[in-house]
Amino acid sequence: MLNYSLKRLASAIPTLLILITVAFFLIRIAPGGPFDSEKGLPAEIEANLEAKYQLDDPLVIQYFRYLGDIARFDFGPSFHYRDWTVNQLIAQGAPVSFTLGGIALILAFVVGTLIGVWAALKQNSLSDYLTMSVAMIGISIPNFVAAPLLILLFAIALGWLPAGGWDGSIQRMVLPAIALSLPMIAYVARITRGSMIEVLHSSFIRTARAKGMPEHEVLLRHALKPALLPVISYLGPAAAAILTGSVVIERIFTIPGIGSHFVQGALNRDYTLVMGVVIFYGVLIIALNYLVDLLYAWLDPRIRYDR
Amino acid sequence: MTARAAETEATERQLDIFEQAMDKRTVKGRSLYVDAWHRLKRNKAAVAGVAILLFIIILVTFGPMLNPWDHEIPDWDNYSTPPSLETGHVMGTDALGRDLFERVMVGGRISLLVGIIATLVSLFIGVAYGAVAGYLGGRVDNWMMRAVDAIYALPFMFFVILLMVVFGRNIFLIFVAIGAVNWLDMARIVRGQTLSLKNKDFIEAARVSGATEWHIISRHIIPNLLGVVVVYVSLTIPQVILVESFLSFLGLGVQEPLTSWGALVNEGAQELETAPWSLLFPATFLAATLFAFNFLGDGLRDALDPRDR
Amino acid sequence: MALLEVNDLMVSFDTPEGVVHAVNGLSFDLEPGQTLGIVGESGSGKTQTAMAMMGLLSENGSASGSVQFRGQELLELSTRELSRIRGSKISMIFQDPVSSLNPYLSIGDQLVEVLTHHRDLKRKAARKRAAEMLHQVGISEPGQRMRQYPHQLSGGMCQRIMIAMGLLCQPDLLIADEPTTALDVTVQSQINTLMGELSEKSSTAIMLITHDLGVIAGLCDKVLVMYAGEVMETADIDSLFADPAHPYTQGLLKSVPRLDKAHSGILSAIPGNPPDLVDLPEGCPFRARCPHAFDKCIEHPDLFDAGEGRHKRCWLDELPPLEEEAEQEEHA
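Chains V, R and B, in that order, are what the protein sequence lines are. Just so it is clear: in the first sequence, position 50 is 50 by the working numbering, and no numbers are missing. Just so it is clear: in the second sequence, position 117 is 117 by the working numbering, and no numbers are missing. Just so it is clear: in the third sequence, position 124 is 124 by the working numbering, and no numbers are missing.
If you're looking for bench data, these hints aren't it; they were derived computationally from the structure. Computed from a prediction, not measured in an experiment: that's the story for all the values here. Using N, Cα and C, we set each Cβ at its ideal position, and we do this for glycine too. Among the hints, a few may not be true.
[Said to hold, decoys possible] Take a look, some chain B residues computed to stay more than 10 Å from chain V by CB distance: (1) E17; (2) P32; (3) G87; (4) S199; (5) D221.
[What the hints assert, rightly or not] Restraint ranges, calculated between C-beta atoms of paired labels, are given here: (6) R/T212 with B/P291: 40 to 50 Å; (7) B/Q144 with R/G138: 30 to 40 Å; (8) R/E204 with B/K201: 38 to 48 Å; (9) R/I58 with B/D14: 34 to 44 Å; (10) R/K41 with B/K201: 52 to 62 Å; (11) R/N142 with V/L2: 22 to 32 Å; (12) B/Q72 with R/V50: 49 to 59 Å; (13) B/T186 with R/G210: 19 to 29 Å.
[Unchecked claim] Here are some chain V residues the structure puts well away from chain B; computed CB gaps all over 10 Å: (14) R8; (15) S11; (16) A12; (17) L17; (18) Q62; (19) L67; (20) H80; (21) Q92; (22) A94; (23) F98; (24) I106; (25) M213; (26) V231; (27) L267; (28) L299.
Construct the complete structure from the given sequences, taking the supplied hints into account.
Next comes the structure, spelled out in structure tokens:
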């Protein structure tokens, strides 16, 4: 197990390096420097600024310095918001984004697996078909479409919930969390149903029944764990999807998270901010994938005890 | 009959016997696809998906020809009017007085085109990469697939956005960016198929019984890959449409005066309270298209891979 | 009283291609402690017979007729009532032992749960009993094996564990569905030997399902030959091998390699394929492949009493003996 986790860690490092390297060189080949926006800047001041940010060093040195900075989670100053560093902007948005994303992720997995297991047990019944058709609709409605529709219905037409903003209250979290998790609930439900059906048809479930295990034990003790493994391995991609989705959701609901900084940064061509967010989220996703893999291995004896 | 022809025929007969004896799921030439076709026709959801898609494609192609309005030029008498037959704007107008039906149709053309072209880009890259890795095998395969794994773990949407920011927003870049994002799945699938086919007994049997490389490729490898590719394409197109809409929604995708469903949803979302129809129509079209593609792709997968039923 | 009485058992499956008639009016009984072999080609309904008895048919399957186990009608029991019998009074082992064991639970857990469920044993007592049972089926170091997972063990080892699991509660009946088909030849004979020993030592009746007459020969008291979901012939083991009364049995015997008799020719397979179970032919189901078929075979034959406790479903009174026929063929 230790061996596996080390091996797996070793393969995460190149991914990280690719991420940082690509990001770094993308920014360097981007047309225009960071201080171009102030057109009237005299040459010597620009040179001073470049010297201050050490942009006049050879590229290779800059690259390694950048690696060092990243290792200390220092993303440098924002190009657009002059008085802010990227770190400050991320630190400011992170609690909001993580709260929202966390709620959406939990919602997606709890509701999704419940629906999926239920549909699998009723396989090929009318309620199964209905549930899965609804799930397919759920997958097909992107969250940036679902979000305004939810606002239209629950905030504007019915007036039950606020249409946007963020103050940490539940009322303001409900709609964005639902909008963010909706396609994912559907997706998790489909994965769960599929794997549950497969597991229920497997030989070892037949054995469990043949040895007289009552149906609830067949389900909980024998079928649930293998059926949930594919769902667990979807956690990594799901987290990435949640982070991606939060970009639009935060914008639609005017929530001051990392996502809205990111979009604003993208529209303002705030290179360092955009890159900082990409790397920050990249590291987050890689780390999460790593943890999920370990969790998976821990749950599956075939990997746990592999030579 | 020449000796050569007789020999070939004998070989083929032998191959058929081998194939039948082998795992039923592997290609039995034509019959696999005939079976798949019958299964697909029985799948109501997939048939409905095809019908919806045909309807949308026909509407998007010919709709604008029958519609008197232009997607750029405003109707000066009608700003933000709801759908009405009297004004002639069947889906109403937007805040600038432009005909929404025309804009939804034009946006649909862009969305579908981006979906198809970017899918082809990713298909091309993915098939080439996967086939090479699978065919060469060994260490090369190992490294090539490690690279795929490494890239796979990256947060792609963010990278696409970064690309858009750095290189500016143009439609060509959207194709490339999305295509370059999506080839990974294809590469994995094709590589897996090639690898497993290479070691399949009936390929071995074909080699032993003297079938030419061309025979093996045309009668065994291609038919088997074809199914996978068809399923993949039908499931990738909606993904790509989704990515494009996502970018356009953020204002990073298709730029004015052109439009796409994602951009229209964005405009609609901003006029939510005053003109909900400007959200509802493009949203419906976008969702219906994704829905239809997903159902079709699901149906194709079930039809071509009966094991999963 | 017989341990098991099966009467006019019918099993059918609803499929997109039509209704598949897997078992068609099967009747037989089994005495306590007896070993019955059920032989037939794949698709002859032998496995589905067992599945119907255990209530394990897939969702599209249904069974009718009667299966009386110690006077209790199994087909009428609810799942809950059945689960009290399964694993306790009737056990079943399957073709592929490795995939029949749950890969996510340790061997010990899978054994112990049978005892804690059926016998209300505490875990500790159950583990002890399970270890004893493993020892009985010839597994060394049971304690260590119980901590392992199925993928760490060989196929033969897994089948031993399945057998141990089936015998944990000392059932009245053990159904073994092709227990050796998925195993290596040497392991096959080990498992067969083990089954033979167990059937001698214990009072458990065994119903052995196989397509391999060779396996039957060493293990069973009685044989039931199935074809297209029907009994073709029943007989005790010696008379069946000495003097097969049904052309199908003859065909099966001829396709088995035999070392004990000087061989006159190559092994012969029965020509043709089993009938389409969706659209069963009229008359004798074996008619199309039978070398002795005649006009009468268009009518469906009953299961005739052939004397000495034997039964056969064939219109012919006498069959030419095996050897002669082989010679005839050689001359032809």
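Verification of the hints:
Every C-beta of chain V lies more than 10 Å from that of B/E17, the closest at about 17 Å, which supports listing it as non-interface. Annotated as non-interface, B/P32 keeps its C-beta farther than 10 Å from every C-beta of chain V; the closest such distance is 20 Å. Residue placement check: B/G87 does not keep its beta carbon more than 10 Å from all beta carbons of chain V (closest about 3 Å). Consistency note on B/S199: stated as away from chain V, and its beta-carbon is indeed over 10 Å from all of that chain's, at 19 Å minimum.
Against chain V, the non-interface label of B/D221 holds: every CB pair exceeds 10 Å, the least being about 24 Å. About 43 Å separates the C-beta atoms of R/T212 and B/P291, a value consistent with the hinted range of 40 to 50 Å. Evaluation of the 30 to 40 Å hint for B/Q144 and R/G138 yields a pass: the beta carbon distance comes to about 38 Å. Restraint check, R/E204 to B/K201: a C-beta distance of roughly 47 Å satisfies the suggested window 38 to 48 Å.
R/I58 and B/D14 have their C-beta atoms about 39 Å apart, which keeps the hinted 34 to 44 Å range intact. Range check, R/K41 to B/K201: about 58 Å between beta-carbon atoms, so the 52 to 62 Å window is met. Between R/N142 and V/L2 the C-beta distance comes to about 23 Å, which sits within the given range of 22 to 32 Å. Checked against the hint of 49 to 59 Å, the C-beta distance between B/Q72 and R/V50 comes to roughly 53 Å, which is consistent with it.
In this structure the hint that B/T186 and R/G210 lie 19 to 29 Å apart at CB is violated, the actual value being about 36 Å. Every beta carbon of chain B lies more than 10 Å from that of V/R8, the smallest distance being close to 20 Å; the non-interface claim holds. With a least beta-carbon separation of about 23 Å from chain B, V/S11 lies farther than 10 Å from that chain, consistent with its non-interface assignment. Distance to chain B confirms V/A12 as a non-interface residue, since its nearest Cβ pair spans about 26 Å, more than 10 Å.
Every C-beta of chain B lies more than 10 Å from that of V/L17, the closest at about 35 Å, which supports listing it as non-interface. Every Cβ of chain B is farther than 10 Å from the Cβ of V/Q62; the closest lies at roughly 50 Å, confirming the non-interface assignment. For V/L67, the non-interface assignment is confirmed: its Cβ lies about 42 Å from the closest Cβ of chain B, beyond the 10 Å cut-off. V/H80, annotated as away from the interface, keeps every beta carbon of chain B farther than 10 Å; the closest lies near 52 Å.
No Cβ of chain B approaches the Cβ of V/Q92 within 10 Å, the least distance being about 44 Å, so the stated non-interface status holds. Remark: the non-interface label on V/A94 is consistent with the geometry, its nearest Cβ contact in chain B lying 37 Å away (cut-off 10 Å). Every C-beta of chain B lies more than 10 Å from that of V/F98, the closest at about 32 Å, which supports listing it as non-interface. Residue-level check passed: V/I106 sits 24 Å from the nearest beta carbon of chain B, beyond 10 Å.
Listed as a non-interface residue, V/M213 fails to keep its Cβ farther than 10 Å from every Cβ of chain B; the least gap is roughly 6 Å. With a minimum CB-CB distance of about 14 Å to chain B, V/V231 clears the 10 Å threshold, and the non-interface call stands. No beta-carbon of chain B is positioned within 10 Å of the beta-carbon of V/L267; the least distance is around 49 Å. Under the 10 Å C-beta cut-off, the non-interface status given to V/L299 relative to chain B is violated; the minimum distance is some 8 Å.
Checked against the numbered hints given earlier, this structure breaks hints 3, 13, 25 and 28; the rest are met.
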